[in-house]
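Enquirer: Chains as they are written, first to last, in the UniProt record's numbering: chain A, 1 to 326; chain B, 1 to 287.
Heads up, some of the hints might be wrong.
What the hints assert, rightly or not - Here are the computed distance ranges between Cβ atoms for each label pair:
#1 A:Gly257 x B:Ala135: 32 to 38 Å
#2 A:Thr205 x B:Glu74: 37 to 43 Å
#3 B:Asp36 x A:Gly306: 32 to 38 Å
#4 A:Met7 x B:Ser37: 45 to 51 Å
#5 B:Pro274 x A:His294: 51 to 57 Å
#6 B:Ala198 x A:Ala300: 27 to 33 Å
#7 A:Gly257 x B:Ala279: 39 to 45 Å
What the hints contain is simulated information worked out from the structure, not anything from laboratory work. C-beta: ideal position from N, C-alpha, C; glycine also.
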Amino acid sequence: MAEAASMIEIVKPGLSTTVQDLGRPGYYHLGIPLSGAMDREALIAANLLVGNDEGAAGLEAVFLGPEIRFTGDATVAVTGAEMPLKLDGVEQAGWTALPVRAGQVLSFGFLKAGARAYIAVSGGIDVPVVLGSRATYALGALGGHGGRALKAGDRLGIGPGRPVDEGRSLPAALRRVPEPVLRMLPGLYDHRVTAEATERFFADTWKVAPEADRIGYRFRGGHALDFVPREPPFGAGSDPSNIVDSCYPYGSIQVPGGTEPIVLHRDAVSGGGYFMIGTVIAADMDLIGQLQPHQPVRFARTDMAGALAARAETAGRLARIRDALA
Amino acid sequence: MRYTFGGDEHVFVEVDEAMSLEAFFRSLSITNAVRDSRIRGITEICPANASFQIKFDPDLIAPDDLLKELRSLEGAGAGGAELKTRILEMPVFYDDPWTRETLMRFRERHQDPQATDLEYTARINGYPDVPSLIAAHAGSPWFVSMVGFVAGLPFLYQMVERDKQIQAPKYLRPRTDTPKLTIGHGGCFGAIYSVRGAGGYQMFGITPMPIYDPAQEISYLRDFMVLFRPGDIVKFRPVGRDAYDAAVEEVEAGRFSPLIREVDFSLAAFQADPAGTNAALLEVLHG
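If we strip away everything but chain B, and leave its shape as in the complex, we get:
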């Protein structure tokens, strides 16, 4: 693990240079241990994909003392990774008119101006056509490996073997616009844009299900305005225009309630049998 200071108020810890579920679980376990340790002077604990960041007050703890304390918790990341978490189903209208309109507007910033983002991503990942890419995207669950960039935006890691993971570069130059609730993909990560704004990920579709509500009016976001936590598991369900419109109406009427189930996840079990573990997760979701 690599420790480095981000100025006088942050320690940045890189668990691994490369992304993997193992690196994510080590980061999550250590940040949980840091939270439980209640080290004086720590003000914020931010787990990320394969790293984490601690914000601290150097008037309360000397930076080198904090480093020592953190190093003593390194072992917390080595144990078995068991997680009590949630699995959520998220409807997605793939290849929808709004992301399509947006991607056409920014075509000159894309690697392949002649194709849509879905067509391009399907081709470079060896899928024969867009429906096969969508089937793969919606076929396995995804892990929320980080929440951030902007308020409530989840980074998602596809729960399949590395050689099956969808990979795509970011736009050559970032867009200045992305529709709210766009399902994007950049590098090996999926993302759900919680707010409208700039973005560089390939755009695959849109969900009718809000994930951030600063007004806290949406029924399932009344208790807290951000839906996702690191460790959540997401399963996408492809829907067409009619089901999308119906879901938007339900959200607006305050009747939409997402399918969410409690679930236990074991990293070892997943590594031994990804397909079997995923099937068991989906059984919990739909059982």
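Here chain A stands alone, though its shape is the one from the complex:
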């Protein structure tokens, strides 16, 4: 069990490791997005494994894991991407509550599958709560540790932990396997493109572009969209993909210039002037956080009933995760 006022020290930061919890709702109307874990289910599982509340702050590491030294005893769990983890160089199991002793170092091998690993420490990462959350929103220099990704030498406080059964793990059947299909609800400004272009959008295989981050994931490789001709409305701009600047839903798929779709994620820009063809359903947002650049993906059309059924399925799986780790 962790001591209060225990610390972790960042020896190597990885590519971009940030403090994340389940986010900061309530300020999107001022351009401050939800933030929080891109794969929420993985963070929740990591927290439950180490005896934390589901919404405790952990670390999100993308593509390349950090190296972390513990100053006190703790329990740690790593979930999400398949990224071999080691304690003092000895490989350990993922999705498992692991005892860590003061002075031990957690490190990672090369990423095998997925994109983001979640590291939960018993007691949670104790950075200041800003607007109700510890999540990092780097674009706005808000929350987390100094409003930024972690750097070597950073020291983070750990809250007081609760005792847990060390060695327990989440059954493999309850770990969600990323599927290369994103279900989306057509709508928003989909009337701007032709019916044929919409059909091609769903038929095409898209590849994750290198420009894929917490703000949004860009895709390329499919056909450019054909627009329905129009007189530009006042204030919209002359490009056929322009609209009068509006809000952007989380998960909305904008296609600037009709060429490369961008799906907005947890650090979304809250609005702008590009038309959107639809919105990825909430149940599939976690999957995006585990996509790697160049990975092929398809968009599949669903309706509200389909979106709500997927939502219920997610809630059911989460309930089973809670039961398994109660």
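Go by the hints and put chain B onto chain A.
Expert: Just chain B now, with coordinates in the frame of chain A:
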């Protein structure tokens, strides 16, 4: 009005395809009515220029039930638009060295690589020179018709007749850099970049007055880190290098305090007499 779902957690409502103060006021009035209605399951209410967005929890309210509730509030947008709001004065160093350096770096992404953003915008709007464009830009107040894109960034709508509004396209390809506190312009909208970052709007100048402070250290941003709200009115005041530097120093020393006054705004009065209404607003500001 056009209602459409943004996935299973958002309703998006387009009040009008085109921008106008009328559309903005309808959006603002309806979102205020939605806030007052306290409909169960609504988690966020985001007014925009000529549309608005409601985030909801479909586990608490069925999407179609929410649509019905929202449609019943449509009438709230039809009444007279009266607004108790604020007018703020914002110093602007137009044609400053920092936005100029940035625009030169991204010249190949611009419609007119031979001109500055101010020169280009002056020309396509029929102004004889840059000072005339600046005089028009700083001559009338602007309405904050939306806050967003990034934290605390206001979209501004020029309070003049439509045929007098400054219009400019966005860069052909967005820049990867924009100085913090740049005054930009794209389509018919002004914007103040609250943080440094990517951007596609034409760059006109820079203000010394921070509008977003996540550290909440700046005196007038201590209570809340974001300055602007939809409905705020902004008046730009051109300043030179010396006044700009002095203001930056005052901000850093914690002595800067922006000129802000409470004001009543009536859309009908503005539509009947834009110039007279603006003059009255400025009297409140400087009175």
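Enquirer: Just pull the numbers of the violated hints for me, sorted ascending.
Expert: none
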